[in-house]
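A.B. asks: Spelled out from the first residue to the last, the chains are:
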Amino acid sequence: MLKFICIRILQTIPVLLIIATLTFFMVRLAPGDPISNEKTVPPEIRANLEAFYGFDDSLWVQYLRYMGNLLHGDLGPSYKYVGWSVNELIAQSFPVSLELGIYAFIIALLLGTAAGVVAALKKNSLADYVPMSFAMAGICLPTFVMGPMLVLVFAMWLGWFNPLGWTYWYDRVLPALTLGLYYSAYIARLSRGGMLEILSQDFIRTARAKGLPEKIVVLRHAIKGGLLPVISFMGPAFAGLISGSFVVETIFFIPGLGRFFIMAAFNRDYTMILGTVLFYATLIIILNLVVDVLLVLLNPRMSFD
Amino acid sequence: MAVAIVLCLWGCGRKETNVIRGDREQILFKGNGTEPAGIDPHVVTGVTEHNILTALFEGLVSENPIDLHPEPGVAKSWEISEDGRTYTFHLRENARWSNGDPVRAQDFVYSFRRILSPGLGAEYAYMLYPLRNGKAFNTGKIDDFSEVGVKTEGDLTLIIELENPTPYFLELLNHASWWPVHPPTIEKFGRIDQRGTPWTRPGNIVTNGAFTLKDWKINQHLVVEKNPLYWDAQEVELNEIHFLPIDSIDAEERAFRTGHIHLTETIPLHRIDYYRENRPELIRFDPYLGTYYYRINTNVSPLGDKRVRLALAMTINREEITRYVLKGGQNPAYHYTPPDTNGYTALSRFEYDVERARELLAEAGFPGGRGFPELELLYNTSEAHRSIAVAIQQMWNEALNIKVKLLNEEWKVYLASVTNGDFQISRAGWIGDYNDPNTFLDMWLTGGGNNMTGWSNSEYDRFIELAGRAIDARERFEYFQQAEAILMDEMPVIPIYFYVSNLLIHPSVKGWHPTILDHHPYKFVSLAAEEDTVGLNTDH
Chain C
46 MLKFICIRIL QTIPVLLIIA TLTFFMVRLA PGDPISNEKT VPPEIRANLE AFYGFDDSLW
106 VQYLRYMGNL LHGDLGPSYK YVGWSVNELI AQSFPVSLEL GIYAFIIALL LGTAAGVVAA
166 LKKNSLADYV PMSFAMAGIC LPTFVMGPML VLVFAMWLGW FNPLGWTYWY DRVLPALTLG
226 LYYSAYIARL SRGGMLEILS QDFIRTARAK GLPEKIVVLR HAIKGGLLPV ISFMGPAFAG
286 LISGSFVVET IFFIPGLGRF FIMAAFNRDY TMILGTVLFY ATLIIILNLV VDVLLVLLNP
346 RMSFD
Chain X
42 MAVAIVLCLW GCGRKETNVI RGDREQILFK GNGTEPAGID PHVVTGVTEH NILTALFEGL
102 VSENPIDLHP EPGVAKSWEI SEDGRTYTFH LRENARWSNG DPVRAQDFVY SFRRILSPGL
162 GAEYAYMLYP LRNGKAFNTG KIDDFSEVGV KTEGDLTLII ELENPTPYFL ELLNHASWWP
222 VHPPTIEKFG RIDQRGTPWT RPGNIVTNGA FTLKDWKINQ HLVVEKNPLY WDAQEVELNE
282 IHFLPIDSID AEERAFRTGH IHLTETIPLH RIDYYRENRP ELIRFDPYLG TYYYRINTNV
342 SPLGDKRVRL ALAMTINREE ITRYVLKGGQ NPAYHYTPPD TNGYTALSRF EYDVERAREL
402 LAEAGFPGGR GFPELELLYN TSEAHRSIAV AIQQMWNEAL NIKVKLLNEE WKVYLASVTN
462 GDFQISRAGW IGDYNDPNTF LDMWLTGGGN NMTGWSNSEY DRFIELAGRA IDARERFEYF
522 QQAEAILMDE MPVIPIYFYV SNLLIHPSVK GWHPTILDHH PYKFVSLAAE EDTVGLNTDH
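Chains as they are written, first to last, in our numbering: chain C, 46 to 350; chain X, 42 to 581.
Please keep in mind that the hints were generated in silico from the structure rather than gathered at the bench. Computed from a predicted model, the values in this text were never measured in an experiment. Glycine included, every Cβ here is placed at the ideal spot set by N, Cα and C. One or more hints might be untrue.
[As the list claims (entries may be wrong)] With beta-carbon atoms standing in for the labels, derived distance ranges:
1) Met112(C) <-> Asp530(X): 52 to 58 Å
2) Met112(C) <-> Gly384(X): 56 to 62 Å
3) Ser118(X) <-> Met194(C): 57 to 63 Å
4) Thr307(X) <-> Met181(C): 33 to 39 Å
5) Val60(C) <-> Lys444(X): 46 to 52 Å
6) Gln147(X) <-> Val60(C): 53 to 59 Å
7) Asp314(X) <-> Val60(C): 51 to 57 Å
8) Asp530(X) <-> Ala96(C): 38 to 44 Å
9) Met112(C) <-> Ala514(X): 57 to 63 Å
10) Pro281(C) <-> Thr307(X): 37 to 43 Å
11) Phe70(C) <-> Thr307(X): 36 to 42 Å
[Claimed, not checked] DSS-like cross-link-like pairs, simulated, lysine-lysine; straight-line CA separation at most 30 Å:
12) Lys255(C) <-> Lys269(C)
13) Lys84(C) <-> Lys258(X)
14) Lys84(C) <-> Lys182(X)
15) Lys446(X) <-> Lys84(C)
16) Lys84(C) <-> Lys368(X)
17) Lys347(X) <-> Lys84(C)
18) Lys84(C) <-> Lys176(X)
Let's have the full structure, built from the sequences with the hints guiding it.
C.D. replies: If you want it as structure tokens, here you go:
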């Protein structure tokens, strides 16, 4: 197992190098630059500014300089937020996205599996149709509709929560729900499908024929296999949740990394774009590795070879 | 079910809103549009940043809260020489930095030197070009700062010499680029011309304004608190101001409705009618020193023909656009400089005149629009810009039989296209840097960085230059009138409307006067709860 993990980590290095290189040159191909502004500055001032950021050097020199700094873990200064380094901005905002993502993940998992399992057991009854209709609606309703709807009901009409912000503990509730409900809908459908498949298998019929109580049949025998599709979905879902949602972070005004990721591209904040891309790339590679290891550990039919 | 239980547990009662708490404790909560790019007065350029900087720093003069005329700031008095080129400022003895150091004349010299240092790459360094040799130092033509027109006599006297008499010089001093920074703090974190050092962080920064920086979390809030060492601290009523960079205007409006903020930065277009009809006391449309216009690339045929440009200008029904598209109290523009810019209102104006426009187009060789090539109208992606462009597209088609293709580009792409002259007609806006017609008219000089129309007129250049040298205010405005008459006769830019600043404001906010630059000196602002603020909440 250790060998497997080591090899995978070594493979990461060329992948990240390629991503860094491609991103570096691709952002430079986009029209516009970080300095351009509504009011054009005199050419002498623009020259001063370009000299400060090193834009007057050739692209190759800039590339080598950037890669050199990258080796020391230095992602450079943000061009938009004067006085802040990209490292600092990521360090400030990622924990927020992570926290929100974890809450949303828990909500998605609990609600999703519960609804899916119940629906599968009471197939073609009201307990199936109602949660599954909600799940369908949940998948179809994007977060930018769900978010404002929750705000309307719980912040505007009932006044229980703030409509936005990230100051008090209860400010976490509505954004986590918005994000979590969306994923719980997927999980509900996956777990219903998985459970239905398992419940129709011979070993379940055998268990029932042996006269086992339904509770044991479900909890001990069916659920293990029935939730396997959910587990393989958990990896990408978790990665998606903690990497920050631009939409949810904007609706609820949350200081997470998702907003930086999108705004950096609009601002042509080259270092910030590169920094966030590399950070996400590393994060996703690590998460994939963790999921691969977990899948092997959970499924005896797979091995590390 | 579980969710419902959690929600119900929480929902035992309404919480105290920011507005209620703020009114009691004199804490102002303000939507600030977007996260500031920084709070270094010599580096940042935007309005968002300026709104925060006015709380933190104070220049030689300050602004009257009602009409913004210059009032004593760090300087308690000043004299102006007869030729209008030398200003002598007398600093007050009790002006202090927030760490207790006195504010000295030398601090201003240091600050001017800092923003003019080529290495800092300050974009607004050109605001200091009226200083004698200011431009020469900034562009590296001279290295010796002692040749620049600023010197001290003792700690409390600052003498400033200008290249030309600059009648709006005192107004200019209210721009952040002229404000002082604390030299020991700058030196502690880097060189004088080093950009982006951490000197602006909470705990590091030293300021001289009515407020100091208390807390700053990127994309969450920036909090300033009353500065007890400010020379006029007993006049300051607010204890804190929380600037919230809410960049979604719909989220901002929801925050206002639930009592989360006292003031918004703007109003979503689709909510204007609602507030107008139901809560007119909460909505404000204040005149704002800015013009929305279409820029024409005069290098492109047939737009090089001024008759064509005039025909296009005359067939835009501006009343219809302001009343039915924008709805926010904007004024139709029939000249370029906004009316009553420091007392100047342009006399030359054109009319909405479809008949005359058709004649002009025929004279230019396109009777009835026949043979006229399809035009491209470029705007940066935005709902409002699109709506205006669609309306004008239709107006030109109906009146002149000219086909227009709409092109929208994302902001930075749009900027690149416009700068490279890669457009035919483009949407543009200009907000005055200071309250004087010069900020609107000197941009159309031949080769000016913001001209970008390819238009050049030596007569126009001459009038602007004469105005720059004139000492007598009336004579100066006369030159501007002549220049603007040329501009409107040649029409390289088509004015469409004059901006207003729209905002939602809670009734408890006092001293928030409508001002032309949308400046609101916070030391005159206070909070007084008057009515049931929760009433806002139940109303939808």
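A.B. asks: The structure should be examined with respect to each hint, and the outcome stated for every one.
C.D. replies: Hints, verified against the model:
Separation of Met112(C) from Asp530(X) is about 56 Å and conforms to the stated range, judged on CB atoms against 52 to 58 Å. Distance hint for Met112(C) and Gly384(X): a CB-CB separation of about 58 Å, consistent with the stated range 56 to 62 Å. Between Ser118(X) and Met194(C) the beta carbon distance is about 59 Å. The supplied range of 57 to 63 Å therefore holds. Thr307(X) and Met181(C) have their C-beta atoms about 37 Å apart, which keeps the hinted 33 to 39 Å range intact.
About 50 Å separates the C-beta atoms of Val60(C) and Lys444(X), a value consistent with the hinted range of 46 to 52 Å. Checked against the given bound of 53 to 59 Å, the beta carbons of Gln147(X) and Val60(C), roughly 55 Å apart, stay inside it. Our hint of 51 to 57 Å for Asp314(X) and Val60(C) holds, since their Cβ atoms are close to 53 Å apart. At about 42 Å, the beta-carbon gap between Asp530(X) and Ala96(C) stays in the expected band of 38 to 44 Å.
Distance hint for Met112(C) and Ala514(X): a CB-CB separation of about 59 Å, consistent with the stated range 57 to 63 Å. Against the hinted window of 37 to 43 Å, the Cβ-Cβ separation of Pro281(C) and Thr307(X) comes to about 38 Å, which satisfies the hint. For Phe70(C) and Thr307(X), the Cβ-Cβ distance of about 37 Å falls inside the hinted range of 36 to 42 Å, so the restraint holds. For a cut-off of 30 Å, the pair hint linking Lys255(C) to Lys269(C) stands: about 19 Å separates their Cα positions.
For the hint pairing Lys84(C) with Lys258(X), the CA-to-CA distance comes to about 28 Å; that is within 30 Å, so the pair holds. For a cut-off of 30 Å, the pair hint linking Lys84(C) to Lys182(X) stands: about 24 Å separates their Cα positions. A threshold of 30 Å between alpha carbons decides the hint, and for Lys446(X) with Lys84(C) the separation of about 26 Å falls inside it, so the pair holds. With a CA separation close to 27 Å, the supplied pair Lys84(C) and Lys368(X) stays within the 30 Å bound.
For the given pair, Lys347(X) sits about 26 Å from Lys84(C) by alpha-carbon distance, which is consistent with the 30 Å threshold. As the CA atoms of Lys84(C) and Lys176(X) are separated by approximately 18 Å, the hinted pair is consistent with the 30 Å bound.
Violated hints for the displayed structure: none, as all numbered hints are satisfied.
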